[in-house]
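Engineer: Take a look at the letters that make up each chain.
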Amino acid sequence: MAAEFQQQAIALASQQSVLGWLNDAREQGQLAWNTHAWPTRKTEAWRYTSLLPVENEQWQLSDTASDTLPQSALAELIEFDAYRLVFVNGQLRADLSSDLPASLVLFADANADQQSVIKQHLNQVADQQVHLFTALSSSLLNQGALLHLSKNQRLEKPVYIVHINDKANAKVTNARLLLVLESGAEAQVVEHFFSTDDQDRGWINAVTECSVGANASLRHHRINLESEQALHTGAVHVALAESARFNGFTVANGSRLKRIDYHIKHLGSGSDLQLNGIYLPRHQQRVDYHTCVEHVVPHCTTTEVFRGVIADSARAVFNGRIHIHQDAQKTLAEMSNRNLLTSDQAQVNTKPELEIYADDVRCAHGATVSQLNDEALFYLTSRGISEAEARVMLSFGFVNELVEGVELEALQQWLRPRIAHMFGQSDQLTRHIIHE
Amino acid sequence: MLTIKDLCASVEDKEIIRQLSLEVKPGEVHAIMGPNGAGKSTLGNVLAGRPGYEATSGSVDFKGQDLLDLDPEIRAREGLFLAFQYPVEIPGVSNMELLKAAVDARRSHTGQPELSAIDFMKMAREASKAVDLDQSFLKRGVNEGFSGGEKKRNEIMQMMLMEPSLCILDETDSGLDIDALQVVAKGVNAMRSPDRSFIVVTHYQRLLDFIVPDYVHVLANGRIVKSGDKSLALELEAKGYSWLEDEVA
Ligand SMILES: Nc1ncnc2c1ncn2[C@@H]1O[C@H](COP(=O)(O)OP(=O)(O)OP(=O)(O)O)[C@@H](O)[C@H]1O
Ligand SMILES: [Mg+2]
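Line by line, the protein sequences give chains X and G.
Count along the first sequence from 1, add 258, and you get the number used in the working numbering.
Count along the second sequence from 1, add 350, and you get the number used in the working numbering.
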């Protein structure tokens with residue numbers, strides 16, 4: 259069955275009109291995809307997340323962008339001054355996109371130099387032997403975007419990449435982003451995924467690779483707020499050179515299948531990683547974050563904080579691994595995962611893992627699972643606040659610190675009400691936590 | 351204002367309040383003293399409607415309503431305020447958010463127009479000044495990392511903004527330094543009015559020098575065993591509680 263699914267994907271790949279210069283990469287991807295053993299329930303990395311929603315569907319490549327988007331979809335865009343690329347069902351919508359700087363191009367528009375940058379870096383940061391859906395992404399490789407900043411180049415504005423899915427029934431979209439920052443370069447990037455339709459049953463497989471050069475600094479945000487019918491698989495792969503910095507933020511609701519992997523490698527000493535994440539599944543949704551941070555060299559630091567609020571009958575998975583290789587002396591690594599279950603049916607499987615092969619390191623990790631605090635609930639109601647509003651305030655309060663930690667002000671302001679509305683659907687319940 | 355008749359209440363099936371009766375008229379200040387574990391906080395919690403604190407018999411009338419019938423948030427909106435003996439820390443919810451939500455709830459319940467964000471901010475700043483808390487406390491998480499004394503002053507700030515008709519202060523003086531005690535007492539005294547009443551739970555006669563009560567009650571073993579005027583507090587300070595327990599036994 260599974261092998262059959264893998265074959266189907268390859269068959270799909272052959273249907274697209276392709277960029278010839280990516281043939282090699284695509285072939286390698288297909289090879290990797292075919293040699294992956296299809297996950298079963300015994301496969302550790304997929305233990306709590308079922309792939310049936312992708313297996314049980316006859317997928318077509320998504321190849322048409324809707325000409326008209328409802329006004330409500332445009333209203334979902336984050337309003338800020340940015341270099342904006344908008345894709346609808348995987349197709350670029352130039353009319354919704356902004357003028358782009360020379361450093362930002364679609365694969366299809368890449369000049370010879372840019373093509374060689376792409377060929378040089380693609381699948382160098384990501385290991386497609388390890389990451390199943392990255393291999394799939396490479397097998398279907400065609401569309402994609404490259405941001406290439408040369409030495410010491412600083413982008414004036416953030417890059418804002420939007421993927422909108424629109425009633426894409428059983429359509430699969432393959433999104434690929436390659437961020438290459440040469441030494442000393444600086445950029446801010448926001449990747450934003452959403453659906454225009456509650457019933458959108460599309461699947462987006464979105465792979466991002468970030469090569470962050472020496473002393474370069476990348477602030478990266480990934481916002482996954484698709485319909486609860488939509489499927490999302492994807493990964494963010496990061497390679498950090500000497501004294502490079504990666505500041506990552508991610509937020510996701512859940513859906514029938516939502517699996518996001520972060521894989522970060524400290525490859526140059528003195529590099530620094532800060533990764534914050536929030537997951538907020540409700541109803542019957544599923545969400546699964548797998549993070550892996552590898553300290554390969556000495557003197558690097560990692561601070562990773564993930565928080566989840568799991569409501570109704572939703573289920574979340576957090577698997578956070580920090581792997582400290584033998585040479586990675588003087589590593590400082592901290593990971594914390596806290597979960598709030600707001601209903602008796604909500605579930606989370608959390609597994610922080612530290613693997614340490616160096617002896618002179620400072621590492622800490624912790625995971626907690628709790629319920630709404632009765633004392634706090636009574637305290638708020640004793641101040642005249644309704645129990646319903648108190649629950650919303652406490653749920654929001656659980657993740658507020660991470661929301662306030664988003665330094666891109668426009669994004670923070672945009673997020674606040676959207677997160678609040680996941681906890682309380684009426685304005686009455688959210689109005690006191692939405693403020694400037 | 352408040353009429354408690356033969357109230358019995360239990361926590362986790364353990365009877366704590368036994369046949370307690372108390373009448374508080376508008377404008378009055380009642381002090382409740384008594385040994386540790388007597389049931390003073392339990393009484394406050396039962397009146398505020400804390401889940402798990404169950405009245406098993408007797409009645410409580412609050413401004414003409416059956417108090418025990420109301421949810422805790424409705425009691426608060428009706429004007430009952432409990433300053434907690436141990437205020438709760440709520441990281442992630444700012445003091446300001448709590449205060450605005452609380453005051454909006456109380457005002458809309460009593461048919462007053464909602465305050466604009468700016469007007470409210472002004473009021474909150476004044477209140478924080480009145481209890482000698484820096485304005486930065488408004489932005490911090492509710493009681494998060496506050497010192498013991500700061501938490502108590504924060505309770506009084508909430509009370510000032512909510513303008514309750516019945517204020518129950520549960521050991522608000524405990525852990526306060528002498529200056530803070532005066533700040534709190536000044537705040538309370540400024541709020542005294544003919545249509546607002548106070549129940550002040552304390553272990554220390556000293557507080558009652560600043561907040562002068564009309565009545566002093568001794569609560570022991572779940573009931574009021576003696577009532578008197580403010581001189582009773584002085585007597586307790588000198589003699590302790592054991593003579594009373596003997597008297598009752
Ligand atoms: N949630 C609870 N679970 C079990 N027992 C409780 C609970 N709350 C109160 N009690 C018990 O009820 C009794 C009265 O407690 P309460 O806190 O009312 O005393 P108090 O008079 O306020 O004492 P203190 O002066 O020390 O504050 C104590 O024996 C206490 O252990
Ligand atoms: Mg007490």
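Hints are not guaranteed to be accurate.
[Said to hold, decoys possible] Listed next, with one range per pair, are the computed distances between beta-carbon atoms: (1) G:LYS413 with X:THR626: 40 to 48 angstroms; (2) G:GLY495 with X:ASP282: 36 to 44 angstroms; (3) X:SER571 with G:ILE468: 56 to 64 angstroms; (4) X:ALA668 with G:ASP484: 26 to 34 angstroms; (5) X:GLN457 with G:GLY461: 39 to 47 angstroms; (6) X:ASN631 with G:GLY461: 55 to 63 angstroms; (7) G:ASP484 with X:LEU590: 47 to 55 angstroms; (8) G:LYS364 with X:THR626: 53 to 61 angstroms; (9) G:GLN485 with X:HIS541: 53 to 61 angstroms; (10) X:GLU662 with G:GLU365: 56 to 64 angstroms; (11) G:SER458 with X:GLU662: 45 to 53 angstroms; (12) X:GLU611 with G:GLN485: 24 to 32 angstroms; (13) X:GLU659 with G:ASP419: 54 to 62 angstroms; (14) X:TRP296 with G:GLU464: 52 to 60 angstroms.
[Claimed, not checked] To give a feel for the contact side, a few chain G residues facing chain X, derived at Cβ under 10 angstroms: (15) MET351; (16) THR353; (17) LEU584.
[Unchecked claim] Incomplete in silico selection of chain G near chain X, CB under 10 angstroms: (18) PRO401; (19) PHE434; (20) GLN435; (21) TYR436; (22) ARG475; (23) GLU476; (24) ASN493.
In case anyone wonders, no lab produced these hints; they're calculated from the structure.
Backbone N, C-alpha and C define an ideal beta-carbon position, used for all residues, glycine too.
Engineer: Please go over all the hints and tell whether each is borne out by the structure.
Structural biologist: Going through the hints against the structure:
no.	hint	result
1	G:LYS413 with X:THR626: 40 to 48 angstroms	holds, 43 angstroms
2	G:GLY495 with X:ASP282: 36 to 44 angstroms	violated, 57 angstroms
3	X:SER571 with G:ILE468: 56 to 64 angstroms	violated, 43 angstroms
4	X:ALA668 with G:ASP484: 26 to 34 angstroms	holds, 30 angstroms
5	X:GLN457 with G:GLY461: 39 to 47 angstroms	holds, 44 angstroms
6	X:ASN631 with G:GLY461: 55 to 63 angstroms	violated, 33 angstroms
7	G:ASP484 with X:LEU590: 47 to 55 angstroms	violated, 34 angstroms
8	G:LYS364 with X:THR626: 53 to 61 angstroms	violated, 31 angstroms
9	G:GLN485 with X:HIS541: 53 to 61 angstroms	violated, 41 angstroms
10	X:GLU662 with G:GLU365: 56 to 64 angstroms	violated, 46 angstroms
11	G:SER458 with X:GLU662: 45 to 53 angstroms	violated, 28 angstroms
12	X:GLU611 with G:GLN485: 24 to 32 angstroms	violated, 44 angstroms
13	X:GLU659 with G:ASP419: 54 to 62 angstroms	violated, 39 angstroms
14	X:TRP296 with G:GLU464: 52 to 60 angstroms	holds, 58 angstroms
15	MET351	violated, 18 angstroms
16	THR353	violated, 21 angstroms
17	LEU584	violated, 33 angstroms
18	PRO401	holds, 6 angstroms
19	PHE434	holds, 7 angstroms
20	GLN435	violated, 12 angstroms
21	TYR436	holds, 9 angstroms
22	ARG475	violated, 16 angstroms
23	GLU476	violated, 19 angstroms
24	ASN493	holds, 9 angstroms
Of the numbered hints given earlier, the model fails hints 2, 3, 6, 7, 8, 9, 10, 11, 12, 13, 15, 16, 17, 20, 22, 23; all others are met.
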